[in-house]
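Colleague: Put together the whole structure using the sequences plus the hints.
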Amino acid sequence: MLKDITIGQFFPGNSLIHRLDSRFKIIMDIAYVVMLFTASNYLGLIAVGLFMILLYIMSGVGLRLVLKSLRPIMPLIAITCILNLFFIRGSGEPLLNIGGVIMIYPEGITTSIFMAVRIMFLIIGMSLLTYTTSPIELTDAIERLLSPLKKLHFPVHELAMMMTIALRFIPTLIEETDKIMSAQKARGANLDTGGLIKKAKALIPVMIPLFVSAFKRANELALAMECRCYRGGEGRTRMKQLHSGLKDYIALAVMAVFFAELILLNIYIPYLGIPYMVP
Amino acid sequence: MSVIELKNVTYKYSAGTPFEAVAVNNVSLTVEKGEFCGIIGHTGSGKSTLIQHLNGLVKPTFGEVYIDGENIWSKDVDIREVRFKAGLVFQYSEHQLFEETVYKDISYGPKNMGLSEEEIDTRVRAAAESMGISEELLERSPFDLSGGQKRRVALAGIIAMEPEILILDEPAAGLDPIGRESVLSRISEYHKKYGTTILLVSHSMEDIVRFAEKVLVMNKGEVFCHSPTDEVFARQDEIIKIGLDVPQITRVIMKLRQKGIDLGSDIYTVERAKERILEYMAKGRIC
Numbered sequence: 125m126l127k128d129i130t131i132g133q134f135f136p137g138n139s140l141i142h143r144l145d146s147r148f149k150i151i152m153d154i155a156y157v158v159m160l161f162t163a164s165n166y167l168g169l170i171a172v173g174l175f176m177i178l179l180y181i182m183s184g185v186g187l188r189l190v191l192k193s194l195r196p197i198m199p200l201i202a203i204t205c206i207l208n209l210f211f212i213r214g215s216g217e218p219l220l221n222i223g224g225v226i227m228i229y230p231e232g233i234t235t236s237i238f239m240a241v242r243i244m245f246l247i248i249g250m251s252l253l254t255y256t257t258s259p260i261e262l263t264d265a266i267e268r269l270l271s272p273l274k275k276l277h278f279p280v281h282e283l284a285m286m287m288t289i290a291l292r293f294i295p296t297l298i299e300e301t302d303k304i305m306s307a308q309k310a311r312g313a314n315l316d317t318g319g320l321i322k323k324a325k326a327l328i329p330v331m332i333p334l335f336v337s338a339f340k341r342a343n344e345l346a347l348a349m350e351c352r353c354y355r356g357g358e359g360r361t362r363m364k365q366l367h368s369g370l371k372d373y374i375a376l377a378v379m380a381v382f383f384a385e386l387i388l389l390n391i392y393i394p395y396l397g398i399p400y401m402v403p
Numbered sequence: 587m588s589v590i591e592l593k594n595v596t597y598k599y600s601a602g603t604p605f606e607a608v609a610v611n612n613v614s615l616t617v618e619k620g621e622f623c624g625i626i627g628h629t630g631s632g633k634s635t636l637i638q639h640l641n642g643l644v645k646p647t648f649g650e651v652y653i654d655g656e657n658i659w660s661k662d663v664d665i666r667e668v669r670f671k672a673g674l675v676f677q678y679s680e681h682q683l684f685e686e687t688v689y690k691d692i693s694y695g696p697k698n699m700g701l702s703e704e705e706i707d708t709r710v711r712a713a714a715e716s717m718g719i720s721e722e723l724l725e726r727s728p729f730d731l732s733g734g735q736k737r738r739v740a741l742a743g744i745i746a747m748e749p750e751i752l753i754l755d756e757p758a759a760g761l762d763p764i765g766r767e768s769v770l771s772r773i774s775e776y777h778k779k780y781g782t783t784i785l786l787v788s789h790s791m792e793d794i795v796r797f798a799e800k801v802l803v804m805n806k807g808e809v810f811c812h813s814p815t816d817e818v819f820a821r822q823d824e825i826i827k828i829g830l831d832v833p834q835i836t837r838v839i840m841k842l843r844q845k846g847i848d849l850g851s852d853i854y855t856v857e858r859a860k861e862r863i864l865e866y867m868a869k870g871r872i873c
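Protein chains in written order, with my numbering: chain B, 125 to 403; chain W, 587 to 873.
Some hints could be false.
[As the list claims (entries may be wrong)] Example chain W residues on the side facing chain B (calculated, C-beta under 8 Å, incomplete): (1) 641; (2) 670; (3) 671; (4) 681; (5) 694; (6) 720; (7) 724.
Note that these hints are calculated values from the structure, not bench results.
Please read all numbers here as calculations on a predicted model, not as lab measurements.
Every residue gets a Cβ at the ideal spot worked out from N, C-alpha and C, and that includes glycine.
Modeller: Pasting the structure below:
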């Protein structure tokens with residue numbers, strides 16, 4: 125049920141990946157995404173994939189979780205595959221031609237596989253960041269990385285605080301939704317069957333109590349923060365300071381070398397059977 | 587006739603993941619029709635999970651659940667019918683209120699049963715009355731009521747379905763003494779009036795011994811015992827050993843026994859303690 129959602133979930137551990145400075149992890153995660161999109165042939169894609177697998181092995185996050193995180197995006201992958209399969213026009217003869225409307229070219233097949241693998245690698249790779257970094261560390265890092273924007277009067281601290289609170293309350297609200305759903309089911313609510321409108325209507329008895337309690341919680345939290353004299357980011361110190369060390373710079377260097385290699389790979393082996401792509 | 591029967595029920599949370607945990611371990615038990623059974627156990631002893639098996643909210647990993655002699659997970663049973671038969675009131679049940687008026691909220695369950703308008707109306711009014719909700723409250727918004735009133739409205743919402751079995755998870759938790767008393771005594775009255783089978787989960791020994799005829803003690807997912815109240819409290823040493831409390835008065839009597847004044851081991855209400863102490867004094871053994 126709802127409890128089985130793994131995307132954005134943190135799994136505590138003590139691996140090297142877990143211990144890296146979260147600021148560096150975010151930068152490397154962004155670099156990973158750029159890298160993935162620079163890889164324009166299968167060789168590059170495989171290289172990125174191997175790199176990712178290596179990182180997962182180092183982090184000790186299980187294979188089962190990886191597969192679980194993919195489940196929600198399966199429809200997206202399927203749609204991308206189908207679009208690429210039917211709309212890519214190749215140079216040679218089509219493999220399948222039904223009345224000149226549906227035409228499948230070999231290029232279409234290779235591109236759709238390429239796209240599917242790329243999206244999967246994207247999700248799996250990005251998940252590693254949230255699997256190995258606690259939400260608090262993550263928002264701290266975002267606050268620090270965005271801090272130059274403070275000069276432009278951008279409310280960086282407030283934004284980070286809102287993210288922290290939102291992340292903190294996701295599991296609480298999921299648990300609460302589960303409870304309210306069970307309570308209404310015990311009163312004979314039928315949440316699973318019926319058409320779209322019927323289903324939406326059946327959710328009212330769940331949504332209203334959920335909103336009521338969410339507002340109540342927000343109110344109580346605001347009051348509790350005020351009682352402890354919360355005054356925003358000005359002059360606020362932290363209990364846990366972020367420390368970057370040698371290991372972080374080494375990790376960044378490894379990433380840079382790998383990136384350079386990938387660019388070389390792109391230059392020397394351009395386009396492995398992929399004429400153009402629908403992203 | 588037994589109205590509830592569990593056969594070797596085991597339930598595992600998050601089966602097949604690193605978070606797997608056994609919540610209910612090989613539980614077999616029968617509850618007779620019209621029984622008022624108290625369920626006690628430590629936090630995490632599996633009582634909440636156990637009671638959710640009884641109306642099919644939770645499907646056992648192994649084992650079978652029979653309600654009225656019918657296996658609720660066999661194919662030809664509509665699970666919603668089971669839920670109308672075994673009404674479950676959750677902990678902090680006031681969180682489930684959602685309608686504009688108290689009347690509409692109580693009628694949510696009966697409406698889901700597909701009853702006629704008149705039938706719903708009689709049931710709502712009867713349920714409101716047995717929970718002590720006055721006519722004028724019926725047209726108010728449930729969100730304007732006090733905590734104790736909200737709790738009683740939520741209870742009425744289940745009672746209006748007229749279930750054969752009423753299962754209550756900590757119905758008095760978090761209420762002030764007056765609210766507690768009002769909720770518990772109304773449940774007891776309801777039981778006496780309609781003879782409904784009642785399962786009452788509570789942390790408070792005092793509440794259980796006041797109302798329950800039988801007590802089910804859960805420990806680490808297993809049934810420690812399920813017997814008449816007298817027999818359960820005869821084993822008070824064991825109960826304390828598994829980390830549960832006994833009623834305050836039982837503790838006092840135990841201390842007295844240690845000091846050489848034996849008043850008997852079946853004392854768990856103040857009334858009985860008073861009787862015994864007076865008896866004891868009448869025999870002139872206290873100087």
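Colleague: Going through the numbered hints above, which ones does this structure break? Give me the numbers in ascending order.
Modeller: Going through the list in order, the structure violates hints 3, 6, 7 and respects the others.
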